[in-house]
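Please construct the entire structure, taking both the sequences and the accompanying hints into account.
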Amino acid sequence: MGKGKKIGIGIGIVFAIFIIIGIVASATNKESSQNVGESSSANSTSSTITTTGANPSTTEVKTKPIEELLPTRDDIGTEWIIKNPVTQSGNGTDYKDKVNQEFTKSGGGISTILAVNIYSYDSSSGAQQRYDSKVTSLKSQGGYKEISGLDSGCYGTIEDFAVSERITVYCVKNNFYISSSGMSVSLDLQDDVTKFAKAVLNRIG
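Residues in the sequence shown are numbered from 2 upward in steps of one, following this note's numbering.
None of these hints come from the bench; they were simulated from the model.
In this text, a Cβ means the ideal position worked out from N, Cα and C, and glycines have one as well.
Be aware that a few hints might be false.
Distance condition first, Cα-Cα at most 27 Å in a straight line; then the derived DSS-like pairs of lysine-lysine [said to hold, decoys possible]:
1) K135 with K199
2) K97 with K135
3) K99 with K196
4) K97 with K196
5) K199 with K106
Pair ranges (Cβ atoms, derived) [claimed, not checked]:
6) S187 with I83: 20 to 26 Å
7) E61 with A163: 43 to 49 Å
8) T64 with A163: 40 to 46 Å
9) N92 with G150: 35 to 41 Å
Written as structure tokens, this is what we have:
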């Protein structure tokens, strides 16, 4: 292979990595910025969405530290590099606390990024409204494929971009709202994204 061709391939890989990082970061920021708006719109849409009702197992308020709900090495295996979590208070927003953590691994010379966001609320109804509003907004916008076979209280999307695919699973349980999202150029992340979300749900109890 000629030197010029090798350089061209290297530039292409670097460009693809920057695209992935940019889209994942954009999705995380968008998720945070929509909190207040979706909270207010949820009040007008939740009556048309199927909720968990009065089941004590889903309406009980949990007081576990939010960082303890994140996936651990035992949950995800050794392929992933675990980044430090970032926690922030929800002052001025609809949620109480939020934690974000990113996970990376390499395959085929390209880095893959998966991010988990967990929001805690003072009540289960707050988390449920956040989830209902998100699902309503997604269905209204369209532009994705649904993931089938997920647990009750979860909704998944597959978004196809020019050079990559983003998989996202949204879940609600008790007073927590969760999103697990991954993007890759060459790897199928659906099982990983779902596994990360389930790990959080299991830790909620």
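Now for the hints, and whether the structure bears them out:
no.	hint	result
1	K135 with K199	holds (19 Å)
2	K97 with K135	holds (18 Å)
3	K99 with K196	holds (20 Å)
4	K97 with K196	holds (25 Å)
5	K199 with K106	holds (19 Å)
6	S187 with I83: 20 to 26 Å	holds (22 Å)
7	E61 with A163: 43 to 49 Å	holds (44 Å)
8	T64 with A163: 40 to 46 Å	holds (44 Å)
9	N92 with G150: 35 to 41 Å	holds (38 Å)
Checked against the numbered hints above, the structure breaks none of them.
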